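Colleague: Based on the sequences and whatever the hints tell you, model everything.
All residue numbers for the sequence shown refer to the numbering used here, where the first residue is 9 and numbers rise by one.
FYI, nobody ran anything at the bench for these hints, they're computed from the structure.
As the structure is a computational prediction, the values presented were derived from the model and not from experiment.
Glycine residues also receive a C-beta, built at the ideal position from the N, C-alpha and C atoms.
Accuracy of the hints is not assured; some may be wrong.
As the list claims (entries may be wrong) - Below, a list of computed lysine-lysine pairs in the DSSO-like style, where the Cα atoms sit at most 27 Å apart:
1. Lys375 / Lys99
2. Lys434 / Lys477
3. Lys375 / Lys409
To be verified - Here are the computed distance ranges between Cβ atoms for each label pair:
4. Pro517 / Gln468: 42 to 52 Å
5. Glu101 / Pro28: 37 to 47 Å
6. Arg63 / Pro457: 55 to 65 Å
7. Tyr105 / Lys30: 35 to 45 Å
8. Ala403 / Lys123: 54 to 64 Å
9. Val377 / Lys129: 47 to 57 Å
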Amino acid sequence: MKETQVTLGEVLEETKERYPEKIALLYKKKETSFKELNSIVNKFAHLLQRIGVKRGDRVAVILNNSLEFVLSHYAIFKLGAIAVPLNPSFKEEELKYLLKDSKAQTVILKSPLTKILKRLKEALPDLKNIIITDLPRGARLQIGQLRRPPLPRTPRGARSLYFWEEIKREKRVGFALKKIRPTDPAVIIYTSGVTSLPKGALLTHKNLIFCAQSSIKAGAVSKEDTFLTVIPLFHAYALTVCMNIPILLGARSLILESFIPQKVIQAIKKYKVTLFPGVPTMFAYLLNTPGIRKKDLQSLRFCLSGAMPLDSQILKSWEEKFAIPILEGYGPTEAGPVASLNPLKGQKLGSVGVPIPGVSIKIVDEKGVEFPVGKVGEVIISGPNVMKGYLNQSATKKALKKGWFYTGDLGKKDQEGYLYLVGRKKEMIIVGGFKVYPKEVEEVLLKHPQIIEAAVVGVQDQYKGESVKAFIVLEPEGELSHEETINFLKERLADYKIPRYLEFRKELPKTELGKILKREL
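Modeller: Here it is in structure tokens:
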């Protein structure tokens, strides 16, 4: 595969030329063609340029799934600035850390978040521009009376603007693309911070376009597909699979703001969605939602699963009930984030597939020496999808070595090159010299009919170095004792793998995508 020599702004321009009247986005019953999408993006790029945003500047986009999310990113791309997508449900301290770390001078958000920014004015002295994509409560009535709604209070020294008001004022629909190199950063995406503080990964235009192109080849998708965009676009998985891939292809994307099972089913039926990129928790919810029939999903060609391991029982139950394949893939944020995918014909249960075209994956020991087939080691990735680096240079040196990204994930390969993940290197527990992989213990716990969630961690042990501790969530009516749980495990695991400590909880802390936050346990 030839390495890309274009930028994301050029990708949208080229798709607009090929399919000007084709529908690019469906959002809140509104259809937006590629021609219209490109025009609004250009208007917004003019606005950003007018308020002083230039090549290399960081622009934080703190939005849920929306038309404005896509418009903002492609305007930023055309200008040569760097988008910093952030989760709008983050609390004050989280936003403070991420905005300071990214050095964002411009922020795009909804009006309720301006209150947080106002409180953070001392901590964010570099903040210059706040662009608000909605109107505050009551403002629509005022507009009906031809009165301009007042802008919400923002930090002193920061200019605030209404997104759509400025778009309507701007008459220019063309925009001269800036001189941007494919190797220039396009986004800073923060890792999920499941086991440590989030790190900002710099992904270039080339990284993202290559990842999209290669994923298209691996996933057998086309311009005739309709993508369901319900996973959060601020996550690297959705940014590539649900935003960049459809725009590169000239395919249609249906954007939903949040995951509500019945609304997802209605949308799939009404708009004849053909591809459903999701996460395991979504498939589990849909399986357990009463009244969903096989014919409700008949337009789907296949589903994609990423961001976390897909439980084999969920996969089996889904394919038995709906006869629609779920293709599991893998890739950390730092790899675009797609590195491997199960082929539509030839998928293997428990595997995250084979490397996508142009990407190499190895399993290595502590010294970087490749392990033979079947042996567990660290997963390392090389290819044009691998990030430029982290914002933190010392973290970059640890993770990028001689063109290879050291993921910190543990896995193994089979004879045909399929990859199987075992867990995180940081999470591996050493009990009296024996290695325990939390994922293995969690999978056994989840086989118990009363256990719906499990998280396994290591705790200090005076004699063995570490012991295993399991956090368990039971089904609503579940009753399971400590002794019953241990007896269940004894029949299925070696003694050293059996948790010494059990803690039953009503729920476990999770990220927006449903990943369990082990650092909070």
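Colleague: Which constraints among the numbered hints does this structure fail? Numbers only, ascending.
Modeller: 1, 4 and 8
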